[in-house]
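S.K.: So the chains spell out like this:
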Amino acid sequence: MKYLHFLVLCVILFSCKQNKKTSVSFIKDEKFQKELQEKFILLEDGGTIELPEGNYILSKALSIEGKKNITIKGRGTDKTILSFLGQTEGAEGINVTNCSNITVENFTIQDAKGDNIKLKGCTDVIIRNMNSTWTTGADSANGNYGYYPVECKNVLIEKSEVSYCADAGVYVGQSYNVTVRNVTAHHNVCGIEIENCINVDVYDNLSYNNTGGFVIYDLPGIPMKNGKNCRVYNNIARENNFKNFAKPGSYVSDIPPGSGIIIMAYDSVEVFNNTFENNKTLGCCAVSYYATGRPFTDSIYTPYCTSIFIHNNTFKRKALLVPDLSSDLGKLILAMSKGPADIIYDHNYNKAMSNPDGTLQQQYKSCFRNNGDIKFFNLNAYKSPVIENVLKTYDKDLKTFDCSLSNIIGDSN
Amino acid sequence: MKKLSVILFLICVSSLIIFNQCKISNGKVTLDVNAKPFEKLSEYNFFKGTLKDLIPNDRVLPYDLITALFSDYAHKARFVWMPEGTSAKYEKDEVLGFPVGTVLIKNFFYENDETNASKGRKIMETRLLVKRADKWDALDYVWNDEQSEAKLNIVGDSKKVDFINAHGKNMHIDYSVPNKNQCKNCHNLNNVQMPIGPKVRYLNKDFKYADGTKNQLDKWAEIGYLTGYKKEDNFTNKIADAFDEKSGTLEARAKSYLEVNCAHCHRKEGSANTSGLFLLLSEKNPESWGIMKSPVAAGAASGDNLYDIVPGKPDESILVYRMTENDPEIRMPELGRSVQHSEAVELIRKWVAEMK
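Protein sequences appear in the order of chains A and B. So the first sequence is numbered by this note's numbering: it starts at 1 and just counts up by one. So the second sequence is numbered by this note's numbering: it starts at 1 and just counts up by one.
Think of the hints as simulated: they come from the structure by calculation, not from any bench. Built from N, CA and C at the ideal position, the CB exists for glycine as well. Be careful, since some hints might not be right.
[Claimed, not checked] The calculated lysine to any residue pairs, modelled on SDA-like cross-linking and capped at a C-alpha distance of 25 Å, are:
hint	chain 1	residue 1	chain 2	residue 2
1	B	268	A	53
2	A	225	B	284
3	A	68	B	192
4	B	268	A	176
5	B	40	A	35
6	B	89	B	69
7	B	313	A	298
8	A	73	A	86
9	B	356	A	298
10	B	160	A	27
11	B	160	A	85
12	A	31	B	40
13	A	68	B	132
14	A	31	B	99
15	B	231	B	99
16	A	28	B	327
17	A	34	B	187
18	A	31	B	145
19	B	160	B	116
20	B	159	A	35
21	B	268	B	137
22	A	375	A	273
23	A	365	A	319
24	A	31	B	160
25	B	135	A	98
26	B	159	A	30
27	B	268	B	244
28	B	214	B	233
29	A	331	A	238
30	A	31	B	173
31	A	153	A	135
32	B	268	A	299
33	A	153	B	187
[As the list claims (entries may be wrong)] Coverage of chain A stretches by chain B, computed from C-beta distances (three or more under 8 Å per stretch; other residues unrestricted):
hint	segment
34	112 to 120
35	124 to 130
36	134 to 148
37	169 to 178
38	396 to 410
This is chain B alone, in the form it adopts within the complex (with noise of 0.2 Å):
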């Protein structure tokens, strides 16, 4: 009897290891556009190695974007994968037209000390969106206190988080983990769940490669992830980076910032119409911009300002004071923003200021 349980703990055992093992095993990257979402994140193989060093497996090619969404300061690593043979539409200016089975992977981390890479990061979620055959899923993993696993939510979380900023300041965070409803809140284009990210215009930026650096667009084209594009027709097709001077002007800077962070609701078909503010850069007419607009229904939110943007007057402007502001019920973005984006607002204060 005794020697039947030791055979049976060895079992165990070696099936722990074997287990263990395969989550850090080098297979492909299994992804199965009509079956029920895997419970972890690694089953994807989308990293190799240990999974909190975010390794990209094969094809699995991560990028960036000119100007990105805040979300209460995480850093975040993309990485895009497309099923062999399979590559993204070009689009001028929508999001590219992906191919079915395309995942779109954000993790969203902290570093511990922004002043200091050596003091590790932590992980919080890592989101995906799953081009099905019909739409895009938007799947969330959060990554548990160990960093060895994150696991499919759908519910959303709340965490916290603490970390030295790159100014050395202490920063503390209520980090909130999205629930499957408040994806599509911003990942909305007329009631239809899509990508915000990927279009031509933020993408078209250089990226160090582990072969070296290279134009995104350019390497995805070299890889067989992009099909249609001309370099040609999209020298100047890019945003402003909103916080580099010398990507371009205050007012190009300004709007670079509204379009990423606000326009994906602030748009005609976005979940924000109803206010008829919008923020796309495309959008020509000033009052669309806010400028001497009447708020539509911001209520207490308007902090007793008559209109969105008053040129010359960052303080009477509804736009500065809901990014200015923490509370719930003002703040914009509604979602994924508890702290104010301090150099944001700085930003369009000052873009703000000297309007005439």
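The shape of chain A in the complex, shown without the other chains (with noise of 0.2 Å):
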């Protein structure tokens, strides 16, 4: 009898040990695949996925299409681990098309081998409670991006972190009516990257660490195009001097280590009540897509940032702070502030834009006022735009820029 209640008790202690292994371990089973597949398929409008409690390495990618009013959830994101490392097939982990009103809350996804959750085509999205990651390290074979809403339209992403992406940690793209608050974004090229999309808001949100702390790009040759409606504010964007993993060809490999924000060719974007700190290169950037070099044909895509408005920002830096130089950005930027820069512009617009005297018209007009004692930069880079001659055409007058823009919208929801 003694014997037996000592066995019991190893049987317990045994167990017990058996249920805390599985918590740090990995499941590999085709069975759970094949089930959870099915559950993502045959899932009716109106229904919610489970994810259950533990961690499961999956071989391919989960997909839903054409539902509506669907729920897929963790039981936190610290409980529920999906791993797609050693993916064969499939680049997303979680690929939805074609929904309207889903949810994807509560849990963590990892190490797919493009996207770690891809929604294209889906309206009213919610992305809530979740941590997107890499566990490979900072390494261009990692996926594109962590959350990827694309051709979407209200799109919300909150409470959720994100890091080592190899390009964007968010990335919204061609979308409308887009929210990202809440978010922290760090390891990545790219923290939060807003691309092609109309009427967007991005506050309260924590990026550093990251190559870049937030991109707001249109770019031509696609379907939707020429965004605006952009507002950028209460975040902060803290040591974002990361180097640049991404492998070269993509849009972010350009972005030089150590920068806040940077807005290329989109109209009407409102950056006000950030904090930039630490950013060894620059704070806040608005460019033309001409600062890539790369040819474009597209034409009814508007390469120029139109209606900046840069505000009541707070720009901090310790000293001696060098800018990246790696990127003619960064040694420009050296050049021109012996250190890091907080704003630059490069005041690019043609012919079609301008005032028959040459000046910027009033509707295009960018401003920025109430950013402190800060290094401002205006390359003039419509008296010439090759980036040999900034240095001569730069100025740092702010003056011409004190006014404010008051009809900037973001998500209109």
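Two chains, two frames, a set of hints: combine them into the complex.
M.R.: Written out as structure tokens, the structure reads:
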């Protein structure tokens, strides 16, 4: 009898130990993969997929197509982990297409070959309380995007973390009505990127230790372009001095390490109440597409930044920060500033946007005010867009930009 | 008691025999567009005799395409069936206007030895596209190892295949059966599931029918499967055969391959429209074709290259790179290709190399 007690105790101890073990190791189970994919396919409108507690390795992308009012939820970012390490099929971890009213929440997704979560052509998308990462460190072979809604309407990404993307942590492309808030992005090439979107609010986010904290880009040659109406406020962009580990060729591979926010070719962007802290190359930069040096033939695309309003931001820097010298922009900044720059504006426009006297028409004008004692550089690129000439054309005069723009809207929802 | 069990046993055996005979019976094609799909391929009666011989039943017409979508070197035996008294409406540029009840039947198989047909073949799956009242439905039937039956599959599967290719080389394929959602990744036009192949410009070629060789469209018209077709309007409405040098210029053959293998997604109405890379033959803008076009969201899949196509420089062209690589993140197409289509890579490389 005594022995029996001892045996029972042993069994209990053993099983406790076992349980503990399963919470740190990963389960690779073909059956789990199949059953989960089956749930994704058979999910009915209005249904929920409950991901169980546990750490699972999946070898194929999970996909959902054409469903309404659905939820995919885990038991918490520390309790449900889907890993796609060694994935053999499908570039994404989770691939959602053509769905409406979809919520993805409460789990960690990591190590997909391509993007961890991609949503294409969806409306009313919520991504919340998620963690998206690559556990392989800062590797150019990591996937591109942590959260990737594209061609969507009404997107909310909130209370989530994203790290180690070889492109952008949050990447919202070609979408309408977008809010990104309370996201922590770190160790990505770009923390949070908005590309070719209309009506966007990016606020209360923390972007640190990326190559670039925030990027607002408009690119030619794709179906939805001429992005506009974007507000970026109450964010912190801190020490985004991480090496650029993107593969050359991608747009983000051109981001100089040490960038707070880069705005390119966008219309109507308001950047306010943000803190830019110890980004070694630049705080805030607004340039035309010509800055990429890439050709384009898209005749209905506007390559210039117009109506950019940067105000009431805090720029903090340690002394002796040296801009990134691997990029032309970084070298240029060093030459102009002898250190980092706070706001750089290329002031580039074409004849059609000019007054008879050659100045920029009022409707396109940008304003920069109340940003403290900053290092400001106006490149006057309209005079000569060649970067070698910038050192002759640039000036530091903020006075002509001391104005305000009142009609910039964000996510209209 | 013993007698009873013997009788029961006999009933069981005989019913099994009857059941098995049903499997090779020659009933008419059975399809109810409103009913749930059959669990077994044999239940449709698309084929007569032994199922694996794929001998088409009455009104089940085989067809072929001038240039076909590459699927890991699988061969494809294609058939079309339409309900009695119905026919497809002629469309000049897009998929024919198929009537409700149409079934497109595509069997994926490997020759065990492509140098020796007598070694037999292995059928992997039979994919059906069924035209229901409001939409096309994709159904996939996966063949068993005995090759006696194929069963409905919705979640996809992985299989391993070994065969000897036409050059006598041993080939190994990690063959992937798509799940129901993946079907729509390619069969997608403005988010509506659609067939890809049966367009006039792909079908416009001769086919060896049991009763002689004939142009496929003529045959379809002759048996009442196609209405409104005017041959005289379509003499030149055909794509080049990508791998027949007599069929067209290098450019025509390269573009034919890219349209057939890429443009179901890479077009304005397709899954990859976000990329801005459009590979339909009708696309005239060189940048849309990828020439000196920066990628949008290729990320690491750019392979350190700046543009989709750099004229004269296949080694600096992302399009060539993504056709060459097999890594799931990099490879194109994303689905249905786990090994390189070497002949196609050679074709596209040559086209880019000679481009000015």
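S.K.: Against this structure, judge whether each hint is valid.
M.R.: Taking the hints in turn, this is what the structure says about them:
1. B:268 with A:53: Violated - the C-alpha atoms of residue 53 of chain A and residue 268 of chain B are around 41 Å apart, more than 25 Å.
2. A:225 with B:284: OK: residue 225 of chain A and residue 284 of chain B at ~20 Å, within 25 Å.
3. A:68 with B:192: 16 Å, holds
4. B:268 with A:176: Cα-Cα ~18 Å, so holds.
5. B:40 with A:35: Within the cut-off at roughly 21 Å; holds.
6. B:89 with B:69: This hinted pair holds, its Cα atoms lying about 24 Å apart.
7. B:313 with A:298: 23 Å, holds
8. A:73 with A:86: Since the Cα atoms of residue 73 of chain A and residue 86 of chain A sit roughly 23 Å apart, the hinted pair holds (cutoff 25 Å).
9. B:356 with A:298: Holds, at roughly 21 Å.
10. B:160 with A:27: 23 Å, holds
11. B:160 with A:85: The hint holds at about 21 Å.
12. A:31 with B:40: Status holds; Cα separation ~23 Å.
13. A:68 with B:132: 21 Å, holds
14. A:31 with B:99: 39 Å, violated
15. B:231 with B:99: 21 Å, holds
16. A:28 with B:327: It holds: about 21 Å lies between the C-alpha atoms, which stays within 25 Å.
17. A:34 with B:187: Holds. Residue 34 of chain A to residue 187 of chain B sits at ~22 Å (cutoff 25 Å).
18. A:31 with B:145: Since the Cα atoms of residue 31 of chain A and residue 145 of chain B sit roughly 20 Å apart, the hinted pair holds (cutoff 25 Å).
19. B:160 with B:116: 21 Å, holds
20. B:159 with A:35: 18 Å, holds
21. B:268 with B:137: Given pair residue 268 of chain B, residue 137 of chain B holds - Cα atoms ~22 Å apart, limit 25 Å.
22. A:375 with A:273: 17 Å, holds
23. A:365 with A:319: Outside the cut-off at roughly 33 Å; violated.
24. A:31 with B:160: 18 Å, holds
25. B:135 with A:98: 15 Å, holds
26. B:159 with A:30: 13 Å, holds
27. B:268 with B:244: 29 Å, violated
28. B:214 with B:233: 18 Å, holds
29. A:331 with A:238: At roughly 21 Å apart (the allowed maximum being 25 Å), residue 238 of chain A and residue 331 of chain A satisfy the hint.
30. A:31 with B:173: 22 Å, holds
31. A:153 with A:135: 31 Å, violated
32. B:268 with A:299: 17 Å, holds
33. A:153 with B:187: Holds, because 23 Å separates the two Cα atoms, which is no more than 25 Å.
34. 112 to 120: holds (count 3)
35. 124 to 130: Violated: only 0 residues of the segment 124 to 130 of chain A have a Cβ under 8 Å from chain B.
36. 134 to 148: holds (count 7)
37. 169 to 178: Contact hint for the segment 169 to 178 of chain A vs chain B: holds, 3 residues under 8 Å.
38. 396 to 410: Violated, because only 0 residues of the segment 396 to 410 of chain A bring their Cβ atoms closer than 8 Å to Cβ atoms of chain B.
Violated hints, in rising order: 1, 14, 23, 27, 31, 35, 38; the structure is consistent with all others.
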